[in-house]
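Chain B: place on chain A using the hints.
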Amino acid sequence: MVFDEIYKAYWNKVFRICMGYVNNHDWAKDIAQDTFINIWQQLPKFRQESAIGTWIFRIASNNCLRQIERQNRMPRTEMPEQLAEAIEPNREPQVQFLYKCIAELPETDRLIISLELEDIKQAEIAQIMGLTESNIRVRIHRIKEKLTKKFENYEQ
Amino acid sequence: MSSEIDFKALWNQEGSKDIPDLQQLLKRAANLRRTARIRVILQSVVLSVVIALMLYVGFTYNHIQLTTVIGLVLMLAALVSYLVTSGQLLPMLFKSNIDGSSQEYLTQLIRIKRKHEFLDKVMINVYFGLLASGLFLFMLQSAIILGTVKAVAYYTVIFICLTACYIYSKTQEVKKAIKSLTDTIKKLEAVDEQMREN
Numbered sequence: 001m002v003f004d005e006i007y008k009a010y011w012n013k014v015f016r017i018c019m020g021y022v023n024n025h026d027w028a029k030d031i032a033q034d035t036f037i038n039i040w041q042q043l044p045k046f047r048q049e050s051a052i053g054t055w056i057f058r059i060a061s062n063n064c065l066r067q068i069e070r071q072n073r074m075p076r077t078e079m080p081e082q083l084a085e086a087i088e089p090n091r092e093p094q095v096q097f098l099y100k101c102i103a104e105l106p107e108t109d110r111l112i113i114s115l116e117l118e119d120i121k122q123a124e125i126a127q128i129m130g131l132t133e134s135n136i137r138v139r140i141h142r143i144k145e146k147l148t149k150k151f152e153n154y155e156q
Numbered sequence: 001m002s003s004e005i006d007f008k009a010l011w012n013q014e015g016s017k018d019i020p021d022l023q024q025l026l027k028r029a030a031n032l033r034r035t036a037r038i039r040v041i042l043q044s045v046v047l048s049v050v051i052a053l054m055l056y057v058g059f060t061y062n063h064i065q066l067t068t069v070i071g072l073v074l075m076l077a078a079l080v081s082y083l084v085t086s087g088q089l090l091p092m093l094f095k096s097n098i099d100g101s102s103q104e105y106l107t108q109l110i111r112i113k114r115k116h117e118f119l120d121k122v123m124i125n126v127y128f129g130l131l132a133s134g135l136f137l138f139m140l141q142s143a144i145i146l147g148t149v150k151a152v153a154y155y156t157v158i159f160i161c162l163t164a165c166y167i168y169s170k171t172q173e174v175k176k177a178i179k180s181l182t183d184t185i186k187k188l189e190a191v192d193e194q195m196r197e198n
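Chains as they are written, first to last, in the working numbering: chain A, 1 to 156; chain B, 1 to 198.
Isolated chain A (complex conformation) (with noise of 0.2 Å):
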């Protein structure tokens, strides 16, 4: 697979994945585009021991992780979060209200469930994670238990 194939198939999916871990568009998008920088600079070296996808999902949640630096760096105040969350006022309530609870979770939290809501497989979140197929299996139980619960509390 070329790159700029995929760059096309995946960019909706790693940027979903960096809307859930920061819930903030601008932002989002430059974790992103660094991870495809990355994907770009670290093809070549690509041995297809895994999953194109687990490999490009693995350098996403590894960019997100990554974040944890620049937050400490720049404190949240001074994040762009406000303008760039007025920028984006068409997006559906519920929708908003999703992402505002994964990007409220603990940050291996974030990172399960947004690999598990973009449809990969168990197993392969294990993979990506570095954790047991069973762990993964029970924290994405309590994800969604605790999610549906605020959205429980959000309908009423």
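Check before you lean on any hint, since a few could be wrong.
Computed cross-link-like contacts, DSS-like style, restricted to lysine-lysine with a CA-CA straight-line distance of at most 27 Å [stated by the list, open to error]:
1) A/K146 - B/K115
2) B/K187 - A/K29
3) A/K150 - B/K8
4) A/K150 - B/K187
5) B/K8 - A/K100
6) B/K187 - B/K176
7) A/K146 - B/K187
8) B/K187 - A/K100
9) B/K27 - A/K8
10) B/K115 - A/K121
11) B/K8 - A/K144
12) A/K150 - A/K100
13) A/K146 - B/K186
14) A/K144 - B/K187
15) A/K100 - B/K186
16) B/K187 - B/K175
17) A/K8 - B/K115
18) A/K45 - B/K175
19) B/K115 - B/K186
20) A/K29 - B/K8
21) B/K8 - A/K149
22) A/K45 - A/K100
23) A/K45 - A/K29
24) A/K29 - B/K27
Facing chain B, according to a computed beta carbon distance under 7 Å, are these residues of chain A, among others [what the hints assert, rightly or not]:
25) R16
26) I37
27) N38
28) W40
29) P44
30) R58
31) I59
32) V95
It should be emphasised that the hints constitute simulated quantities derived from the structure, not laboratory data. C-beta: ideal position from N, C-alpha, C; glycine also.
Then chain B, alone, in the frame of chain A:
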């Protein structure tokens, strides 16, 4: 709303309508690579020139004494430690593997940040220690010829400059950077802890 399918349906409604232009992205990637390459080349050139200059001074010195040689070596060591401390060599020394699993990546990040913290906290003192003792020994041979008054003045000026630099290196700005690094390590360790929870 609470069913899995609904979550997935909502999830998939999100998307970036304006996918960045691929050519622009590749241009940015190529620029990043070029900048990194230029930085490495520049560092190597500067380091080589300084080392060559120091060696030239050492070799052309008439009747070079052991103290001068040791001084040169110490200053050279200070220079190398400075390059490492300033973080410019870190990416090359401790390359992280972005396509590993998240757990591996986190462990790597924590290891790198801990090394960085150690370099920032400890190596700055090592740098000034090496530089001050290196300068002291290097100047000894010529100071003896100068006579007591001139030699004292010579040493005083140099060490006032060094002290000023040392005090500057301990300013609030640097302390803030070190605190930010410590906070990053704590946060990374907390995420690592999340990974280990069942």
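Hints violated by the structure (numbers, ascending)
Failing hints, ascending: 1, 10, 17, 18, 22 and 29.
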